[in-house]
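Chain E with the ligands: place on chain X using the hints.
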Amino acid sequence: MSPAIEVKQVCKRYGSLSALTNIDLEIHSGEFFALLGPNGAGKTTLISIIAGLSFANSGSVNVMGHNVITHYQQARLNLGIVPQELVFDPFFTVREILRIQSGYYGIKENARWIDEIIERLDLTDKADANMRALSGGMKRRVLVAQALVHKPPVIILDEPTAGVDVELRQTLWEFIQQLNRDGHTIVLTTHYLEEAETLCNRVAMLKDGKIIALDSTQNLIGKMTSGNSLRLRLLPDVLPLSLQVLQINRSNGLYELRIDDYAQVEFILSTLRSGQTQILEMHLQQPDLEDVFVNLMKNSRNKSK
Amino acid sequence: MTGFVTLLYKELLRFWKVGFQTILAPMISTLLYLLIFFHVLEAHVEVYPDVAYTIFLIPGLVMMAVIQNAFANSSSSIIQSKISGNIVFILLSPLSYRAIFFAYILAAIARGLLVGLGVYLVTVIFFDVPLQLPLLALLFGILGSGILGAMGLIAGIWADKFDQLAAFQNFIILPLTFLSGVFYSVHSLPAGWQVISHLNPFFYMIDGFRYGFFGVSDISPYVSLGIMAICLIVISTFTIRLLRSGYKLRH
Ligand SMILES: Nc1ncnc2c1ncn2[C@@H]1O[C@H](COP(=O)(O)OP(=O)(O)OP(=O)(O)O)[C@@H](O)[C@H]1O
Ligand SMILES: [Mg+2]
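Residue numbers (numbering that gives the first Met the number 0), protein chains in the order written: chain X, 0 to 304; chain E, 0 to 250.
Everything labelled a hint here was simulated from the structure, so no lab data went into it. Among the hints, erroneous ones may be present.
Just a sample of chain E residues kept apart from chain X, beta carbon distances all over 10 Å, derived [to be verified]:
1. L40
2. G84
3. V121
4. P189
The list that follows gives simulated cross-link-like pairs (lysine to any residue, SDA-like), each with its CA atoms no further than 25 Å apart [to be verified]:
5. E:K247 x X:H70
6. E:K16 x X:D124
7. E:K81 x X:G105
8. X:K150 x X:E173
9. E:K81 x X:Q72
10. E:K81 x X:E193
11. E:K81 x X:A110
12. E:K247 x X:Q73
13. E:K247 x X:C10
14. X:K209 x E:Y8
15. E:K16 x X:A110
16. X:K107 x E:P93
17. X:K138 x X:T43
18. X:K107 x E:Y8
19. E:K16 x X:L85
20. E:K16 x E:Q168
21. E:K247 x X:F54
22. E:K247 x X:L85
23. X:K150 x E:L7
24. E:K81 x X:K209
25. X:K107 x E:K16
26. X:K138 x E:P93
27. X:K138 x X:E193
28. X:K107 x E:I89
29. E:K81 x X:G136
30. X:K107 x E:L11
31. E:K247 x X:S53
32. E:K247 x X:S59
33. E:K81 x X:S134
34. X:K107 x X:S59
35. E:K247 x X:R94
36. X:K150 x E:V4
37. X:K138 x E:L12
38. E:K16 x X:N109
39. X:K107 x E:H250
40. E:K81 x X:R12
What you are looking at is a predicted structure, and each value in this text was computed from that prediction instead of being measured. Each residue gets a CB set at the ideal place from its N, CA and C atoms; glycine is no exception.
Same shape as in the complex, but just chain X (with noise of 0.2 Å):
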């Protein structure tokens, strides 16, 4: 089976700027997937490429085994965006929008799927009140449901929780998530990283329009990171002898202490028991996707220099 998207050495300049360069990405059937990275990465100019909207200089996409330009018809059918520009129509009310888009998705009948996206977006008491009166939340959320609307294979969504409040956050990832177990392929950007972290399998780091990672991720984090450590203030202010091989880190007058697994927490707290030393503060540090970005970008950095 064709991946529901194959990204095969895109290049893409505006002007002297290199957006991206020789991009190869391939996203299977039924992932969630990650694309990260700072501002300015290329995330959005990738997922313009692959929806259409722009043109690459060289390289070629596939939608689920659909050229995007040579097939744009069968590849924007099986596709879903969400941009990240807050757009909309306003000469119509919520409900005449997704009727509208469904309309030209070739659905004439698609009232029950909309009435589905409108409860489950929480847009129930705005269905009918024109896109203009609508706070920037909601209408994020009107971008989710458009999106929807065909209930394409491959959603890709650009930022869809920027200005967003915590309850409908929980409300949509618990929507998509849904959709991804139903078998929809799932992409999405996000500046949140914990959202990526819980929701994704796999990710990809872009950083100047270029892939810097692509990996599960465990493995990211994994490979990325330092591990598991433990954070330390002490009295007297003294790390014993037999603890120092793990200091990784001492900042704040915190001592860092690597702990390859949590069995080593019980033999550092009966260490400093036996000396007499005071634990006056202490943190269970687990590494997280945040800690990946920056380790990257930190690399990424002292490489182009």
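Relative to chain X, chain E with the ligands alone:
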């Protein structure tokens, strides 16, 4: 087909919802033209024998309203969607380029004809306007508004800002309209100007449309019909190509 019908429906709804600005306002300004010319020129000018100037003027003004509103409809729809960004919903959709083109053009034709019909119906209350060949007049109305609808689409795609669109309108559409013989018969012009007028595609729209009313025209209505049909085919092909190329719409 559903996609095309939906876009057409949306485009029709778009101007219908603000009918006061898109239908009533242009009707009123056209009728004002008529009122002014009626007072100033009625007694002095006679273009065709036995046809009062005001009566001569009415088909020209109706056609002018038809084509101007057709242009306004497609151009303003496109540029508004472009500037507000909601054009992405059309660009993301699987609508074919041809479907997009025809939906915009038909909406432009509908608005043009609606305004024209409105003006005509008001004038027949006050004047005795003959309409000898209504179907021929309608055909000219459709062809003319189709051409201008396509021009509006091109202008809307090309313009990045509203003032560029206004420039297109003021430097291309308006002169071509005024020099097309809305207010006079080209036969009353010096020979040189007559030749130049014949290079203006708008001339054939007005002249042929007027033939539908009086059965009299400067040149054969069938020649005009042929020229307009060719114009429409050429400009439509060009516009569909433009849409396919993504010019100014897709980066
Ligand atoms: N239409 C355009 N014209 C010129 N440059 C552009 C255009 N669109 C994007 N760029 C440039 O391409 C680069 C990548 O932009 P892009 O929008 O893809 O970043 P991003 O990763 O989505 O960032 P963000 O997290 O801020 O959304 C940036 O340097 C941007 O300035
Ligand atoms: Mg972006």
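Compare the structure with the hints numbered earlier in the document and write down the numbers of the violated ones, lowest to highest. Of the numbered hints, 2, 10, 11, 14, 24, 34, 35 and 39 do not hold.
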